[in-house]
Amino acid sequence: MGIRGSNIILFLGLALLYGQPSLAQDGEVEFNMALSKDQLGINERLRVDFNMNRDGDNFEPPSFEGFKVVMGPSQSVSSSWINGKRSFSKSYSYVLMPTARGNFTIGQASIEIGGEIYKTLPKEVVVSEAVDRPNGQTTVDDVVGDNLHLVAELSNSDPFLNEAVTVVYKLYVGPNVSVTNYRSLDNPRYTNFWSQDIPVGRHEVENGTYQGKPYRFVVLKRVVLYPQKSGRLELEPLSLEVFVDVPTDQRDFFGRTIYTQTTKTVSAGKRTLAVKPLPEAGKPANFGGAVGEFDFSVSTSKQQLNASESLQATVEVKGKGNLKLFQLPEPEIPSALEVYDPEYRENIQTLFSGMEGRIANTYTIVPSYRGKYPIPSISFSYFNPRTESYVTLESEQIDIEVLEGPLSSDAVVAGSTPNRSVVPLGQQFHFIKLKPDLRPVESTPFFGSRTFYLMLLVPLMLIPILIFFFKKREAIASDELGNKIKRANRLAKKYLSTAKRELGNKEAFYVALEKGLHNYLKAKLKIATSEFSKEKIRDILTEKGVDQQDRDLFIELLTNCEMARYSPFSEVQMQEDYERGSETISKLDKQL
Amino acid sequence: MSIKKVILALGLLTVSLGYPQNEALFSEATEFYNKGEYTKALENYGKILENGQHSAALYFNLGNCHYKLGAIGPSIYYYEKALLLSPGDPEILNNLAYAENMRLDAVQQMPQSELAALYKKVVSLFTSDQWAYLAVGLVLLFVMAYMGYYFLRTANHKRMALVGGLFALGLGILCLVMARLQLQQTKNDNPAIIFSKQVKVSSEPNTNSDVIFTLHEGTKVKVIEELGAWEKIRIADGQTGWLLAENIKKIKEF
Chain Z
1 MGIRGSNIIL
11 FLGLALLYGQ
21 PSLAQDGEVE
31 FNMALSKDQL
41 GINERLRVDF
51 NMNRDGDNFE
61 PPSFEGFKVV
71 MGPSQSVSSS
81 WINGKRSFSK
91 SYSYVLMPTA
101 RGNFTIGQAS
111 IEIGGEIYKT
121 LPKEVVVSEA
131 VDRPNGQTTV
141 DDVVGDNLHL
151 VAELSNSDPF
161 LNEAVTVVYK
171 LYVGPNVSVT
181 NYRSLDNPRY
191 TNFWSQDIPV
201 GRHEVENGTY
211 QGKPYRFVVL
221 KRVVLYPQKS
231 GRLELEPLSL
241 EVFVDVPTDQ
251 RDFFGRTIYT
261 QTTKTVSAGK
271 RTLAVKPLPE
281 AGKPANFGGA
291 VGEFDFSVST
301 SKQQLNASES
311 LQATVEVKGK
321 GNLKLFQLPE
331 PEIPSALEVY
341 DPEYRENIQT
351 LFSGMEGRIA
361 NTYTIVPSYR
371 GKYPIPSISF
381 SYFNPRTESY
391 VTLESEQIDI
401 EVLEGPLSSD
411 AVVAGSTPNR
421 SVVPLGQQFH
431 FIKLKPDLRP
441 VESTPFFGSR
451 TFYLMLLVPL
461 MLIPILIFFF
471 KKREAIASDE
481 LGNKIKRANR
491 LAKKYLSTAK
501 RELGNKEAFY
511 VALEKGLHNY
521 LKAKLKIATS
531 EFSKEKIRDI
541 LTEKGVDQQD
551 RDLFIELLTN
561 CEMARYSPFS
571 EVQMQEDYER
581 GSETISKLDK
591 QL
Chain V
1 MSIKKVILAL
11 GLLTVSLGYP
21 QNEALFSEAT
31 EFYNKGEYTK
41 ALENYGKILE
51 NGQHSAALYF
61 NLGNCHYKLG
71 AIGPSIYYYE
81 KALLLSPGDP
91 EILNNLAYAE
101 NMRLDAVQQM
111 PQSELAALYK
121 KVVSLFTSDQ
131 WAYLAVGLVL
141 LFVMAYMGYY
151 FLRTANHKRM
161 ALVGGLFALG
171 LGILCLVMAR
181 LQLQQTKNDN
191 PAIIFSKQVK
201 VSSEPNTNSD
211 VIFTLHEGTK
221 VKVIEELGAW
231 EKIRIADGQT
241 GWLLAENIKK
251 IKEF
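Line by line, the protein sequences give chains Z and V.
Residue numbering for the first sequence is 1 to 592, as defined by our numbering.
Residue numbering for the second sequence is 1 to 254, as defined by our numbering.
Extracted from the complex, chain V is given alone in its bound form:
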């Protein structure tokens, strides 16, 4: 009995210690990084990921380590991951730019219409979850305003509550739509980073077809379709082609 209890207690202890242990690994990795022992720092970060925890900071630091080691693909990959968790972080964007300058490929961005850019900018302002929280808050506000309208005595107060409530409701519905759109967008958007030194992109998902173009490590592609071990990708200038899935790593796979 007592042994079982001890084991149980130990188990509980390790579970409860899980988080502090990761924090210790993290700060240890920081020291390694500062001393220039990037591989050791990478090992520590890897352990944290194995323990089932992550954060934008963790991916950012992974990216930094890989950058220092001169690994183009992994550094861009982890910066992109960090950006996924913390969109628009200026530090991440800055270091990503450094890493992107190591790339071999020069892919021209396809021009975008102003309206599309604006739409994208607005929708991408928050993640779908953030939009959802906003909608919940606004609905709550609407309910409060409605109650106010009901309980307040003076006509002036009543009017203010009514206008505010309707405004909150409108905004709330908009937020819901945005959350839905953002979710759709993130679902359709499946970016990946090329990890192989060089990949030949062919016109069909087999080895006999023509090679359309060649990509190098670190280039960002978008996965559109899959067929067996092959993935159909699109690069920034709009060209599409097939390549073997082993050459790329999808950013959204955690």
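Chain Z with its partners taken away, still in its complex shape:
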């Protein structure tokens, strides 16, 4: 009723129509023939209607060859006023029964309207063998079956693993029936899928086509699916019990169709999805199953703080895709920081196209000690089904600076958590050193080198050498005669070296010898004796307590020196005088 309810139809009695015939005179004249069916079994009946939109006279039906008129002709006239416009229709109806099988033609009918004769077009009817349900009445179920269709529409029949697929269940309703209510009998369980229902608020009737015919349809259910397995996956059908109003062939007193209410179980056919696995080529090592299009970020609430204050580090992924179906990457936080378990937050809306929104893990971090703590960059990978490629996003490194904090020398003991390793810190981070103290990089090790062994062993070898020398000196000290000679030689070397050089050269030798003797006295007595007489020298020597014998020897030598200048002296005598000189000096040396 609701379908027709919008029209205001006024049924008028025959008498009323005949009273105002002139009003239907404008517009085209239509006269046609309608068959209830163009194919029927021999045991069925055919209804033929001749309709016209203007009243006419002299109606002549066709001959209906091959049929027998079971009923008719029956006339019906209707006239209506819609928005001040009047419409009129009149029909002659016949019910025919075929008499034989075969192809028959319903011939032309004619009528005279406004002085002109109009004819209908002939139509072919096929009469076939008898059917099971001979009475031409279609059952309510037949009508409903033709007019109700439940269809599951897939947004994508070959998605990738974890790519969103939307299933829309539409109930197509034909023009003849009206749906009053429905009840779902069996809600499909989407095994191997992660599913989320998108509730349909109001059922709005839309117009569409189903198999080429115009239908009205209602969206009953929308589901977003994320396949969790690759391969061919079946969707279980959705079954509904639909309450419908179906028109019957019966009419009420006013000629309106009488509707009966019935229920019908409809189900959407099984659908299969060919789920493609994610490509293995180029799959990042840290891929955690995220499929879609995402943004990734790691942030901290502050970057500079004092120890024992807290800060929040947030790892966030936002975008479109299977947000609920993967794990967020974990940040790597220096082991010296105290980190608490993360707090998971999500803000996800499931839209027609899939999940959209953001998920975040918030870590509370409490630094205990001073220092700089870098949180290194972490990466997040996802598969973009649109470009069919993997995308890896990197977060930025964050440096946390703890400006003030306790000294941690006693903190190592306090650090009870085994997971943390805090190295004790000094009060300050020291400035660089200012003195370079550079030395060559290439340096040979001292230990084991030749110098090392030399330095180690040479002193030890010194011991026997030194002892040897020491012993030798002892021996020398004990040898008196040798010593005397030695001393004489030494003195002679000192004072008589010139004389020794002139040995053999008489004049020069004795001059040098005399000079040497005087020099000796000069050095010993601090008196220049060269101008003194021999007596004077003798006196001085006596004064110094020199032996008589040695004194005479010294004087004799001096005399010799003087005498030798004027008398011949042999080489042997010269040698003798030199030796006597050195002997005398060494003897005098002991006494002076």
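Derived by calculation from the structure, the hints in this document are not laboratory data.
Where is the CB? At the ideal position from N, CA and C, for every residue including glycine.
The reader is advised that the hints may include incorrect statements.
Stated by the list, open to error - Simulated crosslink set (DSS-like; lysine-lysine; CA at most 30 Å straight-line):
no.: 1; chain 1: V; residue 1: 197; chain 2: Z; residue 2: 435
no.: 2; chain 1: Z; residue 1: 372; chain 2: V; residue 2: 68
no.: 3; chain 1: Z; residue 1: 302; chain 2: V; residue 2: 197
no.: 4; chain 1: Z; residue 1: 372; chain 2: V; residue 2: 197
no.: 5; chain 1: Z; residue 1: 587; chain 2: Z; residue 2: 471
no.: 6; chain 1: Z; residue 1: 435; chain 2: V; residue 2: 121
no.: 7; chain 1: V; residue 1: 249; chain 2: Z; residue 2: 435
no.: 8; chain 1: Z; residue 1: 471; chain 2: Z; residue 2: 536
no.: 9; chain 1: Z; residue 1: 494; chain 2: Z; residue 2: 536
To be verified - Covered by chain Z, per the in silico footprint, the following chain V stretches (three or more residues, Cβ under 8 Å):
no.: 10; region: 44–53
no.: 11; region: 91–102
no.: 12; region: 244–250
Place chain V on chain Z using the hints.
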């Protein structure tokens, strides 16, 4: 001739100027550091190293620059190097602690017996070279004491020289042993610092084997063995595994 002489003179000049030039680079780097231009300071220090000179101070400053730039691995690496040249320097130890707190890995130190700790402490008191110098000095002392014993006259002095000499000799021999032990220890000890952000340590030196554990930048490891491009490492808690040599940098390679 004259040109050759000039070239020779120039060559000699540059050789003799080599050291002052490095000193200039060093002080320039100090200014850069103070102004916060750490990368420039790093360049200067790098040049000094290229010129074939180094020092604990240089490595310490390199470590500081890297710390300021937030590079965990290099800063720890250079502090450790500085410590190698100047063991026990409190400033280096302090800043190394700062750098070590940036690390991601928390490796528990393996417990050590008290005796082993004492032994290690004593042996590590000096480097092998320092032990060697000490031994040389003590031997010299012994020689002097021996001579004294020989030359001194009074019995008391002689006795003192004898006792002192024998004591010096004993100590000298001990020092030699220590130098030898220390050398052995440093030869066996081949520490390295992880430079890659993340390294998977596997059970065998190939890519097919299982990953035992994962290490991060800045962690100190000890290299035990080598096979091709792979190195067997041990971490402080005693676990061992193989990793590719490109991921680590050995502290003792100058």
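Verification of the supplied hints:
Taking the CA atoms of residue 197(V) and residue 435(Z), the gap is about 33 Å. The hint is violated against a cut of 30 Å. At roughly 9 Å between alpha-carbon atoms, residue 372(Z) and residue 68(V) fall within 30 Å of each other, so this suggested pair holds. Only pairs whose Cα atoms come within 30 Å are accepted, and residue 302(Z) paired with residue 197(V) is accepted, the gap being roughly 24 Å. Between residue 372(Z) and residue 197(V) the alpha-carbon distance is near 17 Å, which keeps this suggested pair within the 30 Å criterion.
Proposed proximity of residue 587(Z) and residue 471(Z) is supported: the alpha carbons are some 28 Å apart, at most 30 Å. A hinted pair counts as satisfied when its Cα atoms are at most 30 Å apart, and residue 435(Z) with residue 121(V) qualifies at roughly 28 Å. Taking the CA atoms of residue 249(V) and residue 435(Z), the gap is about 27 Å. The hint holds against a cut of 30 Å. A hinted pair counts as satisfied when its Cα atoms are at most 30 Å apart, and residue 471(Z) with residue 536(Z) does not qualify at roughly 47 Å.
Note on residue 494(Z) and residue 536(Z): the hinted pairing holds, with a Cα-Cα distance of about 25 Å set against a maximum of 30 Å. Under a criterion of three residues with beta carbons nearer than 8 Å to beta carbons of chain Z, the stated coverage of the region 44–53 of chain V is upheld, 4 such residues being counted. Evaluation of the coverage hint for the region 91–102 of chain V: fulfilled, as 9 residues show C-beta separations to chain Z shorter than 8 Å, against a requirement of three. Beta-carbon proximity to chain Z at under 8 Å applies to 0 residues in the region 244–250 of chain V; the threshold of 3 is not reached and the given coverage is violated.
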